[in-house]
Amino acid sequence: MSGKPVLHYFNARRRMENVRWLLAAAGVEFEEKFIETSEDLEKLRQDGKLMFEQVPMVEIDGMTLVQTRAILNYIATKYDLYGKDVKERALIDVYTEGIADLSDLIMQLALCPPDEKEAKISLIKDRTKNRYLPAFEKVLKSHGQDYLVGNRLTRVDIHLLELLLRLEEIDSSLLAPFPLLKALKSRLSNLPNVKKFLQPGSQRKPPADEKTIEKAKKIFKMK
Amino acid sequence: MSGKPVLHYFNARGRMECIRWLLAAAGVEFEEKFIERPEDLEKLKKDGKLMFEQVPMVEIDGMTLVQTRAILNYIATKYDLYGKDVKERALIDMYAEGIADLSEMIIHLVVTPPDQKEAKIALIKDRTKNRYLPAFEKVLKSHGQNYLVGNRLTRVDIHLLELLLYVEEMDSSLLAPFPLLKALKSRLSNLPNVKKFLQPGSQRKPPTDEKTIEEARKVFKF
Numbered sequence: 001m002s003g004k005p006v007l008h009y010f011n012a013r014r015r016m017e018n019v020r021w022l023l024a025a026a027g028v029e030f031e032e033k034f035i036e037t038s039e040d041l042e043k044l045r046q047d048g049k050l051m052f053e054q055v056p057m058v059e060i061d062g063m064t065l066v067q068t069r070a071i072l073n074y075i076a077t078k079y080d081l082y083g084k085d086v087k088e089r090a091l092i093d094v095y096t097e098g099i100a101d102l103s104d105l106i107m108q109l110a111l112c113p114p115d116e117k118e119a120k121i122s123l124i125k126d127r128t129k130n131r132y133l134p135a136f137e138k139v140l141k142s143h144g145q146d147y148l149v150g151n152r153l154t155r156v157d158i159h160l161l162e163l164l165l166r167l168e169e170i171d172s173s174l175l176a177p178f179p180l181l182k183a184l185k186s187r188l189s190n191l192p193n194v195k196k197f198l199q200p201g202s203q204r205k206p207p208a209d210e211k212t213i214e215k216a217k218k219i220f221k222m223k
Numbered sequence: 001m002s003g004k005p006v007l008h009y010f011n012a013r014g015r016m017e018c019i020r021w022l023l024a025a026a027g028v029e030f031e032e033k034f035i036e037r038p039e040d041l042e043k044l045k046k047d048g049k050l051m052f053e054q055v056p057m058v059e060i061d062g063m064t065l066v067q068t069r070a071i072l073n074y075i076a077t078k079y080d081l082y083g084k085d086v087k088e089r090a091l092i093d094m095y096a097e098g099i100a101d102l103s104e105m106i107i108h109l110v111v112t113p114p115d116q117k118e119a120k121i122a123l124i125k126d127r128t129k130n131r132y133l134p135a136f137e138k139v140l141k142s143h144g145q146n147y148l149v150g151n152r153l154t155r156v157d158i159h160l161l162e163l164l165l166y167v168e169e170m171d172s173s174l175l176a177p178f179p180l181l182k183a184l185k186s187r188l189s190n191l192p193n194v195k196k197f198l199q200p201g202s203q204r205k206p207p208t209d210e211k212t213i214e215e216a217r218k219v220f221k222f
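If you read the sequences in order, they're chains C and V. Under UniProt numbering, the first sequence has 20 at position 20, and the numbering climbs by one with no breaks. Under UniProt numbering, the second sequence has 113 at position 113, and the numbering climbs by one with no breaks.
Just chain C, with the same shape it has in the complex (with noise of 0.2 Å):
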């Protein structure tokens, strides 16, 4: 065993790109075991490898741990980047909770029919300018530092970056009336972590195309 983290997904964003982008800001070397067919998932469960059935799943010292938030915990403690007391942990949690249930609705456009679509998207959009960024760009505004919690890199500034990043995909004008939102998202990204992983080559995911979705739904057996 390397000692490395292994995470088993399929070769798509989805659930496991905040673990990935996690480790990578917390320059933290990982491999991958890409979920193909059903058979390597069905192995998976039959190993009793999966608490819930279920991927995302990441081994990590000596664990096998299923569920997003329950990997993220345990890297950003592991890796210092949770903040430094129970008052900064609930900060963290606040805005990480509220950038994922943004990002939860940009994962449901995946798998939207497409006659529902358009809808989402505006719902998305709509979201995304009168929610969420503004409740961030209030957060950098109120206390005027670099980061969002405590004056250093902590793991929400990372679930905000590639937050940023995918909303910037869906419409770069989104990200205009938020001043120091771009400046987060431009020294974020030179942090040499964060820029090594922004490279072509690493293990940064593209967005899922519908051939990737098509054998995704294969994979979980869905229609």
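These are computed hints drawn from the structure, not numbers from a lab. Among these hints, one or two may not hold up.
DSSO-like mimics (lysine-lysine), calculated; alpha carbons at most 30 Å apart, straight line [to be verified]:
1. LYS141(V) <-> LYS43(C)
2. LYS49(C) <-> LYS221(C)
3. LYS141(V) <-> LYS217(C)
4. LYS129(V) <-> LYS49(C)
5. LYS182(C) <-> LYS49(V)
6. LYS129(C) <-> LYS46(V)
7. LYS195(C) <-> LYS78(C)
8. LYS87(C) <-> LYS78(V)
9. LYS205(V) <-> LYS182(V)
10. LYS45(V) <-> LYS125(C)
11. LYS138(V) <-> LYS49(C)
Starting from the structure of chain C, add chain V where the hints point.
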């Protein structure tokens, strides 16, 4: 200010009930301010108390916290119900998130259109019997201890108890194949703080009926 946490939500279980349970199990007295009309929610928004315009919201220790998990994590840490180290926390998180997934399906039932309800209930029962309850029975069997993690009470025992009670409300036969879970449910129900919370007259909320949903729809416009 009394110093007690203040819970802002409507007078129903919804996404606040797990917080009520955790505070109660920790023996923490709390106040509740119920959102009864659209104006109540609007006022909270205008006062800038809802970071993402949503409830649950809890005022605690000088903070105005939103997002159920943030609130639960804070309470669990403060009252030492979150395990003794990072590895216990990882187990607690993993189990708690599994419980949350099944709970989410149950919460959604109340807003499921009538023509889809039967299929939804069937799915919930299937997942309960074949995925979630077996997973937790296996945990208890693996260590033979009285609690899920670390041989003492943690938040996840309370989350699981709450879930088991909802499962029982839905169909009392669902627990039958799981003797260790049934024993855990009994043991936990007899802990003093829990026993008190289970009595009539506590701040525990009843199952959500049609009337409550209609009122909530007016306030939250869904």
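Now the hints, each set against the structure:
{"no.": "1", "hint": "LYS141(V) <-> LYS43(C)", "verdict": "23 Å, holds"}
{"no.": "2", "hint": "LYS49(C) <-> LYS221(C)", "verdict": "19 Å, holds"}
{"no.": "3", "hint": "LYS141(V) <-> LYS217(C)", "verdict": "34 Å, violated"}
{"no.": "4", "hint": "LYS129(V) <-> LYS49(C)", "verdict": "19 Å, holds"}
{"no.": "5", "hint": "LYS182(C) <-> LYS49(V)", "verdict": "25 Å, holds"}
{"no.": "6", "hint": "LYS129(C) <-> LYS46(V)", "verdict": "18 Å, holds"}
{"no.": "7", "hint": "LYS195(C) <-> LYS78(C)", "verdict": "22 Å, holds"}
{"no.": "8", "hint": "LYS87(C) <-> LYS78(V)", "verdict": "10 Å, holds"}
{"no.": "9", "hint": "LYS205(V) <-> LYS182(V)", "verdict": "22 Å, holds"}
{"no.": "10", "hint": "LYS45(V) <-> LYS125(C)", "verdict": "20 Å, holds"}
{"no.": "11", "hint": "LYS138(V) <-> LYS49(C)", "verdict": "13 Å, holds"}
The structure fails hint 3 only (numbered hints given earlier).
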